[in-house]
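Single-letter residue listing:
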Amino acid sequence: DGGITQSPKYLFRKEGQNVTLSCEQNLNHDAMYWYRQDPGQGLRLIYYSQIVNDFQKGDIAEGYSVSREKKESFPLTVTSAQKNPTAFYLCASSRGLAGVNTGELFFGEGSRLTVL
Amino acid sequence: AQSVAQPEDQVNVAEGNPLTVKCTYSVSGNPYLFWYVQYPNRGLQFLLKYITGDNLVKGSYGFEAEFNKSQTSFHLKKPSALVSDSALYFCAVRDSGRAAGNKLTFGGGTRVLVKP
Numbered sequence: 042d043g044g045i046t047q048s049p050k051y052l053f054r055k056e057g058q059n060v061t062l063s064c065e066q067n068l069n070h071d072a073m074y075w076y077r078q079d080p081g082q083g084l085r086l087i088y089y090s091q092i093v094n095d096f097q098k099g100d101i102a103e104g105y106s107v108s109r110e111k112k113e114s115f116p117l118t119v120t121s122a123q124k125n126p127t128a129f130y131l132c133a134s135s136r137g138l139a140g141v142n143t144g145e146l147f148f149g150e151g152s153r154l155t156v157l
Numbered sequence: 002a003q004s005v006a007q008p009e010d011q012v013n014v015a016e017g018n019p020l021t022v023k024c025t026y027s028v029s030g031n032p033y034l035f036w037y038v039q040y041p042n043r044g045l046q047f048l049l050k051y052i053t054g055d056n057l058v059k060g061s062y063g064f065e066a067e068f069n070k071s072q073t074s075f076h077l078k079k080p081s082a083l084v085s086d087s088a089l090y091f092c093a094v095r096d097s098g099r100a101a102g103n104k105l106t107f108g109g110g111t112r113v114l115v116k117p
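Protein chains in written order, with this note's numbering: chain U, 42 to 157; chain A, 2 to 117.
A portion of the hints provided could be inaccurate.
To be verified - Covered, in the sense of this in silico footprint (three residues per stretch, anywhere, with C-beta under 8 Å from a C-beta of chain A), are these stretches of chain U:
1. 59-69
2. 147-153
To be verified - Straight-line distance between alpha carbons at most 25 Å, and here's what the computed SDA-like set of lysine to any residue pairs gives:
3. 104(A) to 127(U)
4. 23(A) to 103(U)
5. 104(A) to 72(A)
6. 104(A) to 69(U)
7. 124(U) to 145(U)
8. 104(A) to 154(U)
9. 104(A) to 70(U)
10. 50(A) to 90(U)
11. 104(A) to 56(U)
12. 59(A) to 80(A)
13. 104(A) to 19(A)
14. 124(U) to 70(U)
15. 111(U) to 56(U)
16. 124(U) to 59(A)
17. 50(U) to 109(A)
No lab work stands behind these hints, which were simulated from the structure alone. Beta carbons are placed, not taken as given, at the ideal position from N, Cα and C, and that holds for glycine.
Pulled out of the complex, with its shape left as it was, chain U reads as follows:
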């Protein structure tokens, strides 16, 4: 079945450690996104990529990094520079590029990161 797979579902990290969250999609979508969800704050965009080997910062990119070496994969690294990394992270994808796509996002099941 087509969809978006995020792993791990739960992750614990010590302060000062980098951690990478995986996101893989087999929907043949061009665009991929990372959102952060905190209670009462909705979803905030971290990074997005509309095509392979290209990505842009979202609204809260500081302390995060991404890569888009393959169409199917968009991993997110939470670095030690992110001061408050405990959150629920959601990866999403959509068809097409700006002006072509009408914006429906398909979401993975999320990864919950807890900093100890």
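Take the given structure of chain U and dock chain A to it, following the hints.
Same frame as chain U, now just chain A:
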């Protein structure tokens, strides 16, 4: 800039009664509007969208939403709520202009509790 407001943190409704979840938006151009639902510790699921055409949009699970341009609103409705509709609901908007890319802006979410 684009923004979304969901004025109610929580909506309580008895099973079988009508359900309404409010959403207002702000964009510089014409809006593309979306509703998503999230169950605990899961990703978001798409419910419905307004791109153009009829102001009343029908979606999944018996939900519908009405686009009102003069009031810049896109309220989600269901004529008869079920206990299984209890979840977190997000409204999202995107400016239809190409410069907006495919970036959705989400509201803070409204928790719906349907009591038997």
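Evaluation of the provided hints:
1. 59-69: With 0 residues in contact (Cβ-Cβ under 8 Å with chain A), the coverage given for the region 59-69 of chain U is violated.
2. 147-153: Coverage by chain A holds here, the residue count being 6 at a Cβ distance below 8 Å.
3. 104(A) to 127(U): Distance of about 24 Å is within 25 Å: holds.
4. 23(A) to 103(U): violated (32 Å)
5. 104(A) to 72(A): holds (23 Å)
6. 104(A) to 69(U): holds (19 Å)
7. 124(U) to 145(U): violated (31 Å)
8. 104(A) to 154(U): holds (24 Å)
9. 104(A) to 70(U): holds (15 Å)
10. 50(A) to 90(U): OK: residue 50(A) and residue 90(U) at ~22 Å, within 25 Å.
11. 104(A) to 56(U): violated (31 Å)
12. 59(A) to 80(A): At roughly 12 Å apart (the allowed maximum being 25 Å), residue 80(A) and residue 59(A) satisfy the hint.
13. 104(A) to 19(A): violated (32 Å)
14. 124(U) to 70(U): With a Cα-Cα distance of about 32 Å, the restraint between residue 124(U) and residue 70(U) is violated, given a limit of 25 Å.
15. 111(U) to 56(U): Measuring from Cα to Cα gives roughly 30 Å; hence the hint is violated.
16. 124(U) to 59(A): violated (42 Å)
17. 50(U) to 109(A): The hint holds at about 23 Å.
In summary, the structure is inconsistent with hints 1, 4, 7, 11, 13, 14, 15, 16 from the numbered list given earlier, while agreeing with the others.
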